[in-house]
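Colleague: Sequence:
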Amino acid sequence: MTETLLQKTRRLNKTLQRTGGKPVSFQELSEILSDILDANVYIASRKGRVLGYALSNGNDCDVIQAEIVKEKRFPKEYNDELLKISETKENFQEITECVFDHETECPYPDKIVTIIPINSGGERLGTLVIARYGRDFTEDELVLAEYSATIVGMEILRSKNEEIEEESRKKAVVQMAIGTLSYSELEAMEHIFKELDGDEGLIVASKVADRVGITRSVIVNA
186 MTETLLQKTR RLNKTLQRTG GKPVSFQELS EILSDILDAN VYIASRKGRV LGYALSNGND
246 CDVIQAEIVK EKRFPKEYND ELLKISETKE NFQEITECVF DHETECPYPD KIVTIIPINS
306 GGERLGTLVI ARYGRDFTED ELVLAEYSAT IVGMEILRSK NEEIEEESRK KAVVQMAIGT
366 LSYSELEAME HIFKELDGDE GLIVASKVAD RVGITRSVIV NA
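So for the sequence shown, our numbering puts the first residue at 186; every next one is plus one.
It should be emphasised that the hints constitute simulated quantities derived from the structure, not laboratory data.
You may find that some hints are simply not true.
[Claimed, not checked] Here are the simulated distance ranges between beta carbons: (1) LYS345 x GLU290: 22 to 30 Å; (2) GLU324 x ASP247: 28 to 36 Å; (3) CYS246 x ARG343: 33 to 41 Å; (4) PRO294 x ALA357: 20 to 28 Å; (5) GLU308 x ALA362: 53 to 61 Å; (6) GLN202 x GLU290: 25 to 33 Å; (7) LEU268 x THR289: 19 to 27 Å.
[Unchecked claim] In the PhoX-like style, the derived pairs of lysine-lysine whose C-alpha atoms are separated by at most 20 Å in a straight line are: (8) LYS207 x LYS296; (9) LYS345 x LYS356; (10) LYS255 x LYS232; (11) LYS345 x LYS232; (12) LYS261 x LYS232; (13) LYS274 x LYS255; (14) LYS232 x LYS207; (15) LYS232 x LYS257; (16) LYS355 x LYS345.
Glycine included, C-beta positions come from ideal geometry on N, C-alpha and C.
Modelling step: build the complete structure from the supplied sequences, incorporating the hints.
Modeller: Given below as structure tokens:
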């Protein structure tokens, strides 16, 4: 019995519900979407890093195996072309030459591809690519794919916001720590950082104290 659009959507929603507020697994989402659509699915970040993928029937050409499956990244030239696509480009047949290696002939000239930009918060965050052989994607399938792209976009944006919040928390902690230091300790910190070779290193407190005329206890406190 063929699944309806509603049934397929519910399968996707169950994936989200199982996360329980935790980050959505792009790999799991790719696998479920691949199973529903009977298609190869690739979720890539804006920079071309493959966040999740699934191959229908577990296979694809050697070029994709080498470039995407092993490297977990779209070639830069191909990703740049994807970023030029601003709205869903559905059911186009790839040219006879390989999209990753223009000197190689594509072994699957009947591959039908749909490219869906992943946007959220007015920002391009990545690309969803789905592909299969010999059959166009139906309108219902395209609705599911675009719905999935929306989920991915929201998740990427949430992850970015969490990173920004974490960075802000770290800065706030540092500022609070600096606020508790005396003038002498702040001066000592400045000399300590000058002594360090990069972000970390080894210093001798007594030598720094003698060189700049500050007591060793101030150096240690700083």
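Colleague: So, for every hint listed, does it hold in this structure?
Modeller: Hints, verified against the model:
Take LYS345 and GLU290: their Cβ atoms lie about 39 Å apart, and the range 22 to 30 Å is violated. Taken as a hint, the range 28 to 36 Å holds for the pair GLU324 and ASP247, whose Cβ atoms sit roughly 33 Å apart. The hinted range of 33 to 41 Å is satisfied by CYS246 and ARG343, whose Cβ atoms lie roughly 34 Å apart. Against the hinted window of 20 to 28 Å, the Cβ-Cβ separation of PRO294 and ALA357 comes to about 57 Å, which falls outside the hint.
Taking 53 to 61 Å as the suggested C-beta distance range, the pair GLU308 and ALA362 does not conform, at roughly 34 Å. Taking the beta carbon of each, GLN202 and GLU290 are about 44 Å apart, not inside 25 to 33 Å as hinted. Taking 19 to 27 Å as the suggested C-beta distance range, the pair LEU268 and THR289 conforms, at roughly 23 Å. Of the pairs offered as hints, the one joining LYS207 and LYS296 is violated, with about 35 Å between alpha carbons and a cut-off of 20 Å exceeded.
A C-alpha spacing of about 17 Å is found between LYS345 and LYS356, which places the hinted pair at or below 20 Å, so the restraint holds. This hinted pair checks out: LYS255 and LYS232 have alpha carbons roughly 17 Å apart, not beyond 20 Å. Between the alpha carbons of LYS345 and LYS232 the distance comes to roughly 14 Å, so the proposed pair stays at or under 20 Å and holds. Taking the CA atoms of LYS261 and LYS232, the gap is near 8 Å; set against the 20 Å cutoff, the hint holds.
Distance restraint check for LYS274 and LYS255: the Cα-Cα separation of roughly 26 Å exceeds the 20 Å cut-off, and the hinted pair is therefore not satisfied. For the proposed pair LYS232 and LYS207, the alpha carbon gap of about 24 Å is over 20 Å, so the pair is violated. With a C-alpha separation of about 12 Å, the suggested pair LYS232 and LYS257 falls inside the 20 Å cut-off, and the hint holds. Our distance criterion of 20 Å between C-alpha atoms is met by LYS355 and LYS345, whose separation comes to about 16 Å.
Comparing the model with each numbered hint stated earlier shows that hints 1, 4, 5, 6, 8, 13, 14 do not hold.
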